[in-house]
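Q: For reference, the chains in residue letters:
Number of protein chains: 2
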Amino acid sequence: MAAWSERLAGVRGVLLDISGVLHDSGEGGGVPIPGSVEALARLKRSQLKVRFCTNESQKSRGDLVGLLRHMGFDISEDEVTAPAPATCLILKERGLRPHLLIHDGIRSEFAQIDTSNPNCVVIADAGESFSYQNMNKAFQVLMELDNPVLISLGKGRYYKETSGLMLDVGAYTKALEYACGIKAEVVGKPAPGYFQSALQEMGVESHEAIMIGDDIVGDVGGAQRCGMRALQVRTGKFRPSDEHHPEVKADGYVDDLAEAVDLLLQHAHQ
Amino acid sequence: MAAWSERLAGVRGVLLDISGVLHDSGEGGGVPIPGSVEALARLKRSQLKVRFCTNESQKSRGDLVGLLRHMGFDISEDEVTAPAPATCLILKERGLRPHLLIHDGIRSEFAQIDTSNPNCVVIADAGESFSYQNMNKAFQVLMELDNPVLISLGKGRYYKETSGLMLDVGAYTKALEYACGIKAEVVGKPAPGYFQSALQEMGVESHEAIMIGDDIVGDVGGAQRCGMRALQVRTGKFRPSDEHHPEVKADGYVDDLAEAVDLLLQHAHQ
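As they're listed, the protein sequences go chains V and X.
Residue numbers in the first sequence follow my numbering, run continuously in steps of one, and reach 260 at the last position.
Residue numbers in the second sequence follow my numbering, run continuously in steps of one, and reach 260 at the last position.
If you are wondering where the hints come from, they were derived from the structure by calculation, not from laboratory data.
One should not assume that every hint holds.
One copy or two, either will do: identical chains are not told apart, so a pair holds if it fits within one copy or between any two.
[To be verified] Derived lysine to aspartate or glutamate pairs resembling DMTMM-like cross-links, with alpha carbons at most 25 Å apart:
(1) 173 <-> 245
(2) 150 <-> 136
(3) 239 <-> 167
(4) 127 <-> 17
(5) 127 <-> 94
(6) 127 <-> 167
Take these sequences, add in the hints, and give me the full structure.
A: As structure tokens, then:
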């Protein structure tokens, strides 16, 4: 593999995944990943532009940022690209009235959305709210529509909490796709439009940007398909087999955010 | 389409789906489909061989037969091919110890199976037991296995209860397949081996047998791929669009079991 100086040359902007990179979520909000609070602080003091790009769909953007700030992270709401606000824009543009299969923690994001007489289903990481009854209700809504529209906030397979691996929204989206014979529209990583809106908000071209995430497919593969570079951290949901993934090869694998920031500050922007 | 006399000539054995053909399941066991009790009685008085081939995986075979007999159907346990007993044979043959993601109503079928230190997951139509917690536990068991084996009792998309359409096991199997990056082994329709074991138990060759079901893919398509003929009834989960299915065309569509039996008694065995 080429030297880091070559791999990181010309990087001007950094997109950071949140869960599994900054912190591991879990009971009571989770815990910061060792070294990541300080690494983020150093990154933000550099000349590199920084933005956060998350698929978090269990907590509102405000709650997520509050939690991270409480852990010591330097982060504000307007620095975060999150799927719920992006979905609300789409719903308004297209006149869609969703049936919401979501966690209570994110319901406030949809407060301004008309949910009467639904003509689509929005599915997010509902966690414990993925009961049979709630899944079946969403299924029945879709089956009664002539043109069933299913919008999925991300399509992650699983994520890591402090208590272990947890099923993510993607698994439940697949269940509804199969039951209804339809294909969901994804708002979130790895959808190209989602990365592009984050880049636009950061004001950096894709070839000058690098993604740092713990998901080899959703973060690394997705960013690379948009013309970005991407590093995978060996924290969060990382598994050793990711380094031999049959389809996706990261531009580099690093132990954690701290190592990624060390390398970026040394080699980027040259 | 050819005349019924041609389509049904030489039929010696009839495989009957249960839910959606004999009865609609639901609260208190459900209700018989009008005319089906009497139609089954006429069929059994004829020279045609009859066997039942179900994907029912919420109730034990004994409970299901008890319920149907209570509704007036002439049916006994040894006439029924059901996925749970078939799965138990496979588990014993291969030394598999399952983690069971199943409905309490079928747990008795697995009473003789060693479930300690599981090395596979068996998933059935768990209904309300498809909680996030139970799904996540099955997911975690699979992720900890070097060679994750997932056995699915059928792969139906949905079925009809008296209260409406209900998500079936197939949707949840897809969720686990996606989350774990694996492919389930299906025991039940439309797996060819399952139809073949039912034919063997009935003692009829596939070209002399006809399947009657309400599922265009699981019943009709599956049976046809085994060399059988197949009729779809317009009861149970039947939807008008099934008659224009892009991949599967039944050998005939009939209003209900009563019409199927009328036609069989008139034209089969010639």
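Q: For which of the previously enumerated hints does the structure constitute a violation, in increasing order of number?
A: 1
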